[in-house]
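Start counting the sequence shown at 1; every next residue gets the next number (this note's numbering).
Note that these hints are calculated values from the structure, not bench results.
C-beta: ideal position from N, C-alpha, C; glycine also.
Do not rely on the hints blindly, as some may be mistaken.
[Said to hold, decoys possible] Subject to a maximum C-alpha distance of 27 Å in a straight line, what follows is the list of computed DSSO-like cross-link-like pairs (lysine-lysine):
id	residue 1	residue 2
1	K101	K20
2	K99	K89
3	K99	K83
4	K149	K163
5	K163	K112
6	K163	K83
7	K78	K61
8	K23	K78
9	K101	K23
10	K101	K89
11	K120	K149
12	K89	K149
13	K78	K163
14	K83	K101
[Claimed, not checked] What follows is a set of in silico ranges between Cβ atoms, one per label pair, in the way DEER data are often shown:
id	residue 1	residue 2	range
15	H16	Y74	42 to 52 Å
16	E91	S153	23 to 33 Å
17	F171	E91	16 to 26 Å
18	A72	I26	41 to 51 Å
19	N45	K23	23 to 33 Å
20	E157	T14	50 to 60 Å
21	V43	G84	25 to 35 Å
22	I103	H16	51 to 61 Å
23	N45	G164	48 to 58 Å
24	I103	K23	42 to 52 Å
25	L125	H16	45 to 55 Å
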Amino acid sequence: SLVVISNPRTILETSHQNEKIYKKVIHSARLPFSISSIELDYVKNYLSEKQLLHLSQQVVKDHSPLETDILARYHIEKEDIKKGVFCRKCESLGMERRKGKWICQTCRFVSKNAHLSALKDYSLLIDSTITNQILRDFLNIQSASVANKLLFSMALESEGANKGEIHHLNFE
Numbered sequence: 001s002l003v004v005i006s007n008p009r010t011i012l013e014t015s016h017q018n019e020k021i022y023k024k025v026i027h028s029a030r031l032p033f034s035i036s037s038i039e040l041d042y043v044k045n046y047l048s049e050k051q052l053l054h055l056s057q058q059v060v061k062d063h064s065p066l067e068t069d070i071l072a073r074y075h076i077e078k079e080d081i082k083k084g085v086f087c088r089k090c091e092s093l094g095m096e097r098r099k100g101k102w103i104c105q106t107c108r109f110v111s112k113n114a115h116l117s118a119l120k121d122y123s124l125l126i127d128s129t130i131t132n133q134i135l136r137d138f139l140n141i142q143s144a145s146v147a148n149k150l151l152f153s154m155a156l157e158s159e160g161a162n163k164g165e166i167h168h169l170n171f172e
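When you get a sec, could you build the whole thing from the sequences and use the hints?
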């Protein structure tokens, strides 16, 4: 184990007798060298390449995502979730979609894909599927065609057609 200090200006002091702390508490600049040193200490392979491949395939096959209803767990109503797109620069809510871009009404920051973070939040908090109408409501978009363009640009798996089309949000 290591304790890595990310601020390069941090001064690490210890007594000369306590070399163990000096080896365990390091600045981030020393991290690559420490990892290389650790790798040299643990070179023995316990599984063959074939066994590792089989094990990794088995893990992927047996994986089941954790299904947790976060809102229910913390007693939050769907209606309490703030809708819209947050600006990643000033963190204000209420970016507007204009001419293929999101524009922050507070700091005028411009982004083409600011909606992705809002949709990640939606998929984690509310549902992993979304319709055009729900997307428009959640992102505060008026136009169904703009919402369609956003959904299409994300290349999501979908099922159904027209107003019944459901899109699967997958951000893994």
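- [ ] For the pair we were handed, K99 and K89, check the Cα-Cα distance against 27 Å.
- [x] 20 Å, holds
Open item on the list: With the threshold set at 27 Å, check whether the alpha-carbon distance from K89 to K149 stays at or below it.
Closed with: 24 Å, holds
- [ ] Take the C-alpha atoms of K101 and K20, compute the straight-line distance between them, and say whether it is at most 27 Å.
- [x] 53 Å, violated
Open item on the list: Check the hint pairing K23 with K78 against an upper bound of 27 Å on the C-alpha distance.
Closed with: 49 Å, violated
TODO: Could you see if the CB distance from A72 to I26 stays within 41 to 51 Å?
DONE: 42 Å, holds
Open item on the list: K83 and K101 were given as a pair; does the straight-line alpha-carbon distance stay at or below 27 Å?
Closed with: 18 Å, holds
Open item on the list: Between the beta carbons of E91 and S153, is the distance compatible with 23 to 33 Å?
Closed with: At roughly 24 Å between Cβ atoms, S153 and E91 fall inside 23 to 33 Å, so the hint holds.
Task: Straight-line alpha-carbon gap K78 to K163, limit 27 Å - done: 22 Å, holds
- [ ] For the pair supplied as a hint, K101 and K89, confirm whether the alpha-carbon distance does not exceed 27 Å.
- [x] 15 Å, holds
- [ ] Mind checking the hinted window 23 to 33 Å against the Cβ distance between N45 and K23?
- [x] Holds: the Cβ-Cβ distance is about 26 Å, inside 23 to 33 Å.
Task: Holds or violated: K149 to K163, with C-alpha atoms at most 27 Å apart - done: 15 Å, holds
Task: Consistency of beta-carbon spacing, H16 to I103, with hint 51 to 61 Å - done: Distance hint for I103, H16 holds at roughly 58 Å.
Figure legend: structure checked against the earlier numbered hints; hints not met, in rising order: 1, 7, 8, 9 and 21.
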